[in-house]
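Trainee: Each chain, letter by letter, is given below.
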Amino acid sequence: EAGVVQSPRYKIIEKKQPVAFWCNPISGHNTLYWYLQNLGQGPELLIRYENEEAVDDSQLPKDRFSAERLKGVDSTLKIQPAELGDSAVYLCASSRTRMDTQYFGPGTRLTVL
Amino acid sequence: GENVEQHPSTLSVQEGDSAVIKCTYSDSASNYFPWYKQELGKGPQLIIDIRSNVGEKKDQRIAVTLNKTAKHFSLHITETQPEDSAVYFCAASYMRFGAGTRLTVKP
Numbered sequence: 001e002a003g004v005v006q007s008p009r010y011k012i013i014e015k016k017q018p019v020a021f022w023c024n025p026i027s028g029h030n031t032l033y034w035y036l037q038n039l040g041q042g043p044e045l046l047i048r049y050e051n052e053e054a055v056d057d058s059q060l061p062k063d064r065f066s067a068e069r070l071k072g073v074d075s076t077l078k079i080q081p082a083e084l085g086d087s088a089v090y091l092c093a094s095s096r097t098r099m100d101t102q103y104f105g106p107g108t109r110l111t112v113l
Numbered sequence: 114g115e116n117v118e119q120h121p122s123t124l125s126v127q128e129g130d131s132a133v134i135k136c137t138y139s140d141s142a143s144n145y146f147p148w149y150k151q152e153l154g155k156g157p158q159l160i161i162d163i164r165s166n167v168g169e170k171k172d173q174r175i176a177v178t179l180n181k182t183a184k185h186f187s188l189h190i191t192e193t194q195p196e197d198s199a200v201y202f203c204a205a206s207y208m209r210f211g212a213g214t215r216l217t218v219k220p
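Chains as they are written, first to last, in this note's numbering: chain F, 1 to 113; chain D, 114 to 220.
So here's chain F without its partners, still in its complex pose (with noise of 0.2 Å):
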């Protein structure tokens, strides 16, 4: 079984420009999870989506940041614009349910400068 795919693997852009971050969860999982993780922290949830519904985005700064999951399966996170603030790693994880086991991607790594 494929694990949950993350693609760009690694990301640097200046400041003001867009980004955008694309994550393919585990073949039959319903929740799909966007985390933020700075440096030497663990992760922390921006967005929780049931199928292709947004469920849980309060930590989601909606001024910059958007999400979408289109057909409830892949998922984008966009940032625009960027921030030098947003430079961390975004994680995707994906579950069956959202009281099952979460499986997460390797990250996304976000250089801004």
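Note that these hints are calculated values from the structure, not bench results. Just so you know, not all the hints are guaranteed correct.
As the list claims (entries may be wrong) - Keeping only pairs whose Cα atoms sit at most 25 Å apart, straight-line, the calculated SDA-like set for lysine to any residue is:
no.	chain 1	residue 1	chain 2	residue 2
1	F	LYS62	F	ILE79
2	F	LYS71	D	MET208
3	D	LYS150	F	THR111
4	D	LYS135	F	GLN41
5	D	LYS184	F	MET99
6	D	LYS184	F	GLU44
7	F	LYS11	F	GLY28
8	D	LYS150	D	ALA176
9	D	LYS155	F	LEU113
10	D	LYS171	F	MET99
11	D	LYS181	D	SER131
12	F	LYS62	F	GLU83
13	F	LYS11	D	LEU153
14	D	LYS171	D	ILE160
15	D	LYS150	F	TYR103
16	D	LYS170	D	LEU159
17	D	LYS150	F	ALA2
18	D	LYS171	D	GLY114
19	F	LYS71	F	GLN41
20	D	LYS155	F	THR111
21	F	LYS15	F	LYS71
Given chain F, work out where chain D should sit, using these hints.
Mentor: Showing chain D alone in chain F's frame:
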């Protein structure tokens, strides 16, 4: 919301010794407590979990204990090996993580 505290932030042990990492949580309604291992350049990987109706769970060299009254749970690794070196995270309420413990096992 849930607040999870994890200690220690770093832990260094000799190969063969035991390692213990502790977490406390604030929300008494939390009922699921997973532990993850994260290696460099990879996402966290579940190594063991425990639900609130159980006080202890063991899987080979790894065990987790839960004290719901005191709202704390611990990860125990026995007979540590160099490949156990990684960052370990606890979590509560499925989506609230501790800050992590960097475990180093010296050969």
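Trainee: Which earlier hints turn out false for this structure, listed by number in ascending order?
Mentor: 7, 18, 19, 21
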